[in-house]
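Chains A and B, in that order, give the protein sequences.
Under the working numbering, the first residue of the first sequence is numbered 7, with each subsequent residue one higher.
Under the working numbering, the first residue of the second sequence is numbered 7, with each subsequent residue one higher.
The hints are simulated quantities; they were obtained by calculation from the structure and are not laboratory data.
Warning: the hint list may mix true and false statements.
A pair holds if it fits inside one copy or across any two, identical chains being indistinguishable in the list.
Straight-line distance between alpha carbons at most 20 Å, and here's what the computed DMTMM-like set of lysine to aspartate or glutamate pairs gives [to be verified]:
| hint | residue 1 | residue 2 |
| --- | --- | --- |
| 1 | K177 | D196 |
| 2 | K182 | D93 |
| 3 | K157 | E257 |
| 4 | K157 | E90 |
| 5 | K34 | E180 |
| 6 | K156 | E257 |
| 7 | K182 | E197 |
| 8 | K157 | E215 |
| 9 | K157 | E251 |
| 10 | K34 | D66 |
| 11 | K182 | E232 |
| 12 | K182 | E257 |
The residues making up each chain are set out below.
There are 2 protein chains.
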Amino acid sequence: MHILVTNDDGVQAPGLLALAQAMRPLGKVTVLAPDRNWSASGHVKTLDRPLRVRETILADGTPALTTDGAPSDCVALALLGLIEPVDLVVSGINPHANFGHDVTYSGTVTAAMEAVIADVPGLAFSLETPHNHHNPDYTPAANIARRVAKKVIAEGLPEGVLLNVNIPYLKETEFKGIIITRQGLRVYRDELVRREDPQGRPYYWIGGEAPTGIAESGTDFGALAEGYVSITPLQLDLTARTALESLRSWEWDSRPSPGGREKG
Amino acid sequence: MHILVTNDDGVQAPGLLALAQAMRPLGKVTVLAPDRNWSASGHVKTLDRPLRVRETILADGTPALTTDGAPSDCVALALLGLIEPVDLVVSGINPHANFGHDVTYSGTVTAAMEAVIADVPGLAFSLETPHNHHNPDYTPAANIARRVAKKVIAEGLPEGVLLNVNIPYLKETEFKGIIITRQGLRVYRDELVRREDPQGRPYYWIGGEAPTGIAESGTDFGALAEGYVSITPLQLDLTARTALESLRSWEWDSRPSPGGREKG
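Looking at chain A on its own, in the form it has when it is part of the complex (with noise of 0.2 Å):
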């Protein structure tokens, strides 16, 4: 069992040097991550320049391998051979949750996406840091981490599937347990807010208070709410089903297409 750890905080995060030390019992482990933070940074594929790549040492003094290239291109290197054939990738320990809408920004997520995408198991783990902890420990959600990645490593996941982990932020003793959920809703809080430089040129930033959700019951942020972990199975189809049957009854064109029929 060879594990791949990565994450979007970069390589020198506390959660991804937790995360790497709970999978060694299950394996051998790879840790190939960003050499810089790419939150919100989206599911990127680096095309258009060539990616370096670097060893360096965790904290523990484990080495490791570091690419100025995203958590996703972390993931597409080394399953195109960089490094020896990967059973499993593991993402995380990032410190804020990844509910709902989150999932298609959060690097985290986007990095197990693209494990799916190759083929391969991906779990992206996440933990609800309070707002005001800095230095958050992460011994229990790492736990927590091993376990989901022992199941997974046994049990084997759906084709397509990846694993969208969020764990609140308890004490061992504290968490009522392990459920899955669906992806729930996130409620942005996003404000603009306007500054001038010295020179009064305008600059903006993508502002407001942290993103808040619907703890609806069965949902991912209704789950940690509750005191559970919680465990989203995610797809890569967007296909809006229940959209099709709708779209298809619209008349597209009330003029005969140039050429062609409308087929709806």
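Following the hints, put chain B in place on chain A, whose structure we already have.
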């Protein structure tokens, strides 16, 4: 009707000009697009640096706005109030198709995702330009884009749904029609290309042949192979519903959970 036009190829791309011109009969058009190419850049929210916005002029003399942010940042800036309220966001016309798994990588598509997150209808337009065409004719595709946008303005889109529109490279008289499809399967043919710089240090390209796809009937890729315009409704709920049951049947741990029951 106020229509925001953006893209992922940069504000001076001819596909954007064709789209902006095509939208003009439908309402007021504002162009806000990146100042460089962001292809395969994914769904980005730039929070770690401020964004600049400057005025520019398109090749036909149209005033436009451009930023150093990603396509999804352009949409966020606009919808957060940089410009007056927007009723419809259109993105493109991308000079390459966006099929299957492309949708989470694609700046063209993620711009439309950003619109939908803000409850504004979003449409992504991509043209399947043949590989040897470096100066494609966007006119037929732009006419299709106007027809689709006109229909969406008249009918409205289901909540949370964006449209991923792929247009075959055909003359007006050659289109077989418009069909509503599901997201198909991309086949990537990426290869790791290792090179050495003049100092003998390695660097890596994600290279290989252009992706292909599985031309299954009813899918985006299948529709274009048959000469149809493909419209795929997409949603941002990625929950793999078919996997929920099997994951719930797993025993997550044989030992009792520390401090609580396991709930499948």
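To see whether the hints hold, each was checked on the structure:
{"no.": "1", "hint": "K177 x D196", "verdict": "neither (31 Å within a copy, 43 Å between copies)"}
{"no.": "2", "hint": "K182 x D93", "verdict": "neither (30 Å within a copy, 44 Å between copies)"}
{"no.": "3", "hint": "K157 x E257", "verdict": "between (49 Å within a copy, 8 Å between copies)"}
{"no.": "4", "hint": "K157 x E90", "verdict": "neither (23 Å within a copy, 51 Å between copies)"}
{"no.": "5", "hint": "K34 x E180", "verdict": "neither (31 Å within a copy, 56 Å between copies)"}
{"no.": "6", "hint": "K156 x E257", "verdict": "between (52 Å within a copy, 12 Å between copies)"}
{"no.": "7", "hint": "K182 x E197", "verdict": "neither (35 Å within a copy, 45 Å between copies)"}
{"no.": "8", "hint": "K157 x E215", "verdict": "neither (37 Å within a copy, 36 Å between copies)"}
{"no.": "9", "hint": "K157 x E251", "verdict": "between (38 Å within a copy, 16 Å between copies)"}
{"no.": "10", "hint": "K34 x D66", "verdict": "within (16 Å within a copy, 59 Å between copies)"}
{"no.": "11", "hint": "K182 x E232", "verdict": "within (8 Å within a copy, 53 Å between copies)"}
{"no.": "12", "hint": "K182 x E257", "verdict": "between (51 Å within a copy, 15 Å between copies)"}
The structure fails to meet hints 1, 2, 4, 5, 7, 8 from the earlier list, while all remaining hints are met.
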